[in-house]
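A.B. asks: Chains as they are written, first to last, in my numbering: chain A, 1 to 414; chain B, 1 to 252.
It is possible that part of the hints are untrue.
[Said to hold, decoys possible] Only pairs whose alpha carbons sit at most 30 Å apart, straight line, appear in this in silico DSSO-like list of lysine-lysine:
1. 91(B) <-> 65(B)
2. 147(B) <-> 393(A)
3. 138(B) <-> 202(B)
4. 65(B) <-> 394(A)
5. 203(B) <-> 138(B)
6. 102(B) <-> 91(B)
7. 301(A) <-> 77(B)
8. 102(B) <-> 77(B)
9. 202(B) <-> 301(A)
10. 138(B) <-> 301(A)
11. 75(B) <-> 394(A)
12. 393(A) <-> 228(B)
[Unchecked claim] Just so you have them, the derived chain A footprint on chain B, three or more residues with Cβ under 8 Å:
13. 84 to 95
14. 114 to 123
Keep in mind the hints are simulated off the structure, nothing from the lab.
Glycine is no exception: its CB is placed at the ideal position from the N, C-alpha and C atoms.
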Amino acid sequence: MSGFSNITPSKDRLNSISRRPASVSGANSPANGKPLKFRPKVVARRTKEERDADAPVTISEPSASDSNKQRGGASVRGGVRGSRRRGGLAGTHVVSAGPLSGGFVSIKSGNGSTNSSSFVKSESSGTPDYLKQLISKNKEGSRSRSVSVGPGGEEEEEEFIEDEGTALIDMNKEYELEESETLLFPVRAPRHEHVEYSEAAANDAVEKSETNESETASEVESRSASLQPQGSIAIDQIADEEESLNPLQFKEEQDRLLDDSEKLSKLFTSRIKIKTEQDVDMDHPPKLDIREDFLFFQLPKSLLRYQQPTEETTGQDDNDNDNDMAIVEDEENPAGLEEVKKEPVKEVSGRVGKLRVHKSGKVTMKIGDVILDVTRGGASTLVQEIVNVDHEKKQLHNLGFVQEKVIATPRLYP
Amino acid sequence: MSLFVSDDEIDEPMEGVTGSMDGGYIDDLDDPVVEEIPISFKPISEAELYLLQFPNKAANSAYAKHEIANISDAKVKSQSGIIEVEIPVDKSRFFDQEKSEKWFNVEAQTLSGVSSDAQGYCAGQLVNGELCLFPLAKTMQLRPSFKYVDALRAFRNESARATDLHHGPDARDKKKDVQVVQMSMKTVGDNAPRLGGALQSKKREEEERYESYEFRAQHDEASVSVLKSLRQMSDSELRLETRADNLGGLLE
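The shape of chain B in the complex, shown without the other chains (with noise of 0.2 Å):
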């Protein structure tokens, strides 16, 4: 406890000096200023950085990071802004082999998500005393897909129709079914009004082909080498527009 109190006698003689630095505002006089940490802001730069949020994964657990730290696989589709991820899991554990192999061998968790621009948001670090903010571009959440469940689905449809059309008793007939429905489904686009903007961009999405991206981990060579590039600031000061007197512009 008297370390305590101790240390607000040892601060006051500093704020007389720090309050001095700031010019002196109102606030200060109240609240004197007992530590500085200089801002460094870099707008632009080669890094595009993205908050990726896992929905399913508890912070507070080290097999989430661990999880994290091992995805095998990356698939982007940048013009859509979707990113795909797959995470092993542990099959040594708690892991259904039956389900697996009903479902044609799932052995990750695909993860998936469409990013969405990022306006004033910033990571923040903390580098030998300086405050380095980075704009982050996007953020998005990554949520599980459950796409092996509609290739199920997808398969079984599939097979059911091609037994159908090749053992069932009236074949012939089907097959002329299936092409009027076909028919008609052209008289009716031909009329149909454009899509709409969701399903445009689902449109958009579907037809974009995924690429694969590699996927380093917190402390590859590769991630320590971007960061290091990211945290070098130039030490000179950057203008900004925004003064006090506009206030008001700041809350568009």
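Next comes chain A alone, as it looks inside the complex (with noise of 0.2 Å):
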């Protein structure tokens, strides 16, 4: 312990951070008596030339032939800083890779070139006649300039002559194509912007000031109260589920539902009007019957077990509950596969409830005594079609696609 308490506190230690200029200087300093200072390292600035030797090599005027090469090949792997026309780009969202990216994309017309690093494949089937019509648009401003910044740091002006037969597809310009011309373009993602939920409540209340302005103010406020008693039951569940919701999250939520269950029963009343006019013209119902696409239904899988309604069931009224759709089908198979081939399945079916739009636009669905809630599901933008697979004839039937999904949900509270 006296060891202890005769060692002083350190000023040595501390002489590097606070006391040297003070206290410490002296004994520390270097034989010549002057201060340590901390001296910054300088580096002698290199001349023009070891800059330029060092700087990457741009390839200043490349031959016409090449030409290609180098936007189509170059822009897709180096990206914008490759491109060497980056004043086209001004304005554009540029896309890193795909046909379209790096700016332009230039095509050949003429068949037969052996150039098989560009992107886009025109070589091998030809121009389309819609770009050749690019290509005759292009011909008086085929004299392009384009400024990059060189290693100097100076401006460089670059000068291109093009091709006569190459076309330029300028980002920054809008082309109209037809639809048909177009079929086998790219498919861009969409995008989707976010926005903080501070903000959407900003939007959301000068939508609505606009919207009271507006002629259609009563229109608005009239559907908003009738919409209001389904939206106030449905937020009430999710307000007991899951009390973190803030309320911004909580009334985005809700202009969800409303909006799901709008556009449900706008799909199901649309759909009835449209039948009813078919039914007035006579001529061509079928037809019009035929196009029509499907909806994919998500039930609960134990709801729609059924007791067989035909004299067969009869015998076995003791065990009603098995007496699924499971039951029914082996009841067929122990039979024999030949019997099941010789009389076809015996088809069963009938109503089993109803499907309700009420007044607030929600949609229900009362099947047997049960009531389902009907929702929106989510919107897929993959082709789905329902697809009927005969495997005794080997063939398969397209019967339609798939519009949109419909949840059913049993509703457990009162």
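Fit chain to chain and form the complex, with the hints in mind.
C.D. replies: Right under this line is the structure:
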């Protein structure tokens, strides 16, 4: 302990930090007596020749024959920086991959070019007619200039002389092509802009004030009023489940639900209207019929167990509960495959309930005595179709495409 | 705007009627039923319905549907639940003949997928003001399969091996080597445990042969007649087992 107390609070230890100039400078200074100072190391500026030697090599004047390769290939791999035509990209969103990347895609009009690295494979099939039109449009402006910043820092101007038969697609321009011509163009994923909750609320407020001023104000009000009860029921449930929702999220959720239910009810009611029109027009009812798309329903899997309506059930009334779909199928199988083949599967069908469109726009189902809330499923952007697989005839029948997904959830709250 | 309001007014007298039809549920008092659509259900039919999804085809593009209508060839492995379809490629535009030749003249896009059982899924269609529900047997996604790439690689390996065996400097030694490898494979195989689930089904799939099926487009006669017979519903009521007092059973 005494040894410890003898140690004075070390001045030396902190010398380097605080007291260097005052108390210690004399003892620790170098031989010449001057205090130490931080002296930044000065790097000598290199001469222009040295800098130029290190700078990446730029090709100043490409020949006309490989200009195609330069623009098509390099811009795809090197991105924007590799492109010499930066001026043309002003105000555009640059796509870093794909046939439209890097600003310009040039297309040779003649057949038989050997340049296979170009992304747009026009060589083997020839330039389509609609792109040939672009060539003629571009001819007057075939001399184009571009500005790039050279390694020395000064701006260098480059001048291009384009091929006679080369079409330039300017990303800043909007070309009007017919839909049939763009069928094989790449599809871009839809872009969703993220909106912060506070911003969404602000936008909403603005929208509301605008609609109130407009002529449709009363319509909007009446609709929102009529939608209120449904929203409140659904939202109460959400609120119970997740108290963590902040008011803005809560409102957003509510809006989305209202929007969905409105779309759903329109889906069903508009379809019915089409139907009634068809009934009036007796000339081509079947054609219109077939064109209709399917809806993809998701129901509780055990909901649609049914009791067999025919006489067969009378013998099995005692084990009523097991009389579901699976059992019915099993009954037919022990009879032997041949028998099944002889007479076709006995079709079972019938009314099971009702789909109800409410005044608020909400849609519910009543199947048996169970009430189900009907909501929209996630929208999908891919093609979905209903196909009948006929193993006997070895045929696949496309019966129609699927339009919307609909989810029915049994209602557990009173 | 006035139209909307008047619609509601017209609807109001109807509510009383439908409300009473429904037996007066609590929710109906708050939010009366405006329109009712009967639901018909066909749990058993001759048709075996599949939901096919095409992840690489955009629903809003007319061309995608055109492509699907033009499916040229369909092959099915019914035991393993595999469907493979071929969609011919438009060769007039953006088609690289060189590449096609490199892959032994690929001129169609091959899509294939494995089906999985669908439970609780139905295809619904409104027919004459009635919602018809048809249960789906399977759902499946048809994705592009690049088997032509594998074919090229297999071909290259094969030809490389062939040249090695016949023209290599020590062709005989190599032949021996191959044999040794085969021997060791055999002994290991005897002691090895049986194939697991995934490998087993893969093996089964490889052993099963494709059966060629005929693809009929949406408006083809055969498809139309299937759809028609599917839509024939009996008017009688189909009693369901599910009751409101046993809702817990629905959540299995």
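A.B. asks: Hints first: check each against the structure and report whether it holds.
C.D. replies: Evaluated hints:
1. In summary, the hint linking residue 91(B) to residue 65(B) is supported, as the alpha carbons are separated by about 18 Å, within the 30 Å threshold.
2. A distance of roughly 28 Å separates the Cα atoms of residue 147(B) and residue 393(A); the hinted pair therefore holds under the 30 Å criterion.
3. Taking the CA atoms of residue 138(B) and residue 202(B), the gap is about 19 Å. The hint holds against a cut of 30 Å.
4. Distance check on the hinted pair: residue 65(B) and residue 394(A) sit about 22 Å apart at the alpha-carbon level, within 30 Å; holds.
5. Using a Cα cut-off of 30 Å, the hinted pair residue 203(B) and residue 138(B) holds, with the two alpha carbons roughly 22 Å apart.
6. Between the alpha carbons of residue 102(B) and residue 91(B) the distance comes to roughly 16 Å, so the proposed pair stays at or under 30 Å and holds.
7. With a C-alpha separation of about 27 Å, the suggested pair residue 301(A) and residue 77(B) falls inside the 30 Å cut-off, and the hint holds.
8. For the given pair, residue 102(B) sits about 29 Å from residue 77(B) by alpha-carbon distance, which is consistent with the 30 Å threshold.
9. Restraint check for residue 202(B) and residue 301(A): the C-alpha separation of about 29 Å stays at or below 30 Å, so the hint holds.
10. For a cut-off of 30 Å, the pair hint linking residue 138(B) to residue 301(A) stands: about 13 Å separates their Cα positions.
11. Of the supplied pair hints, the one linking residue 75(B) and residue 394(A) holds, its CA atoms being roughly 9 Å apart against a limit of 30 Å.
12. The suggested pairing of residue 393(A) with residue 228(B) holds, with an alpha-carbon distance near 17 Å, which does not exceed 30 Å.
13. Here the region 84 to 95 of chain B counts 6 residues with a CB under 8 Å from a CB of chain A, which clears the bar of 3, and the coverage holds.
14. Coverage of the region 114 to 123 of chain B by chain A holds [criterion: at least 3 residues with CB-CB distance below 8 Å; count 5].
Violated hints: none; the structure is consistent with every hint.
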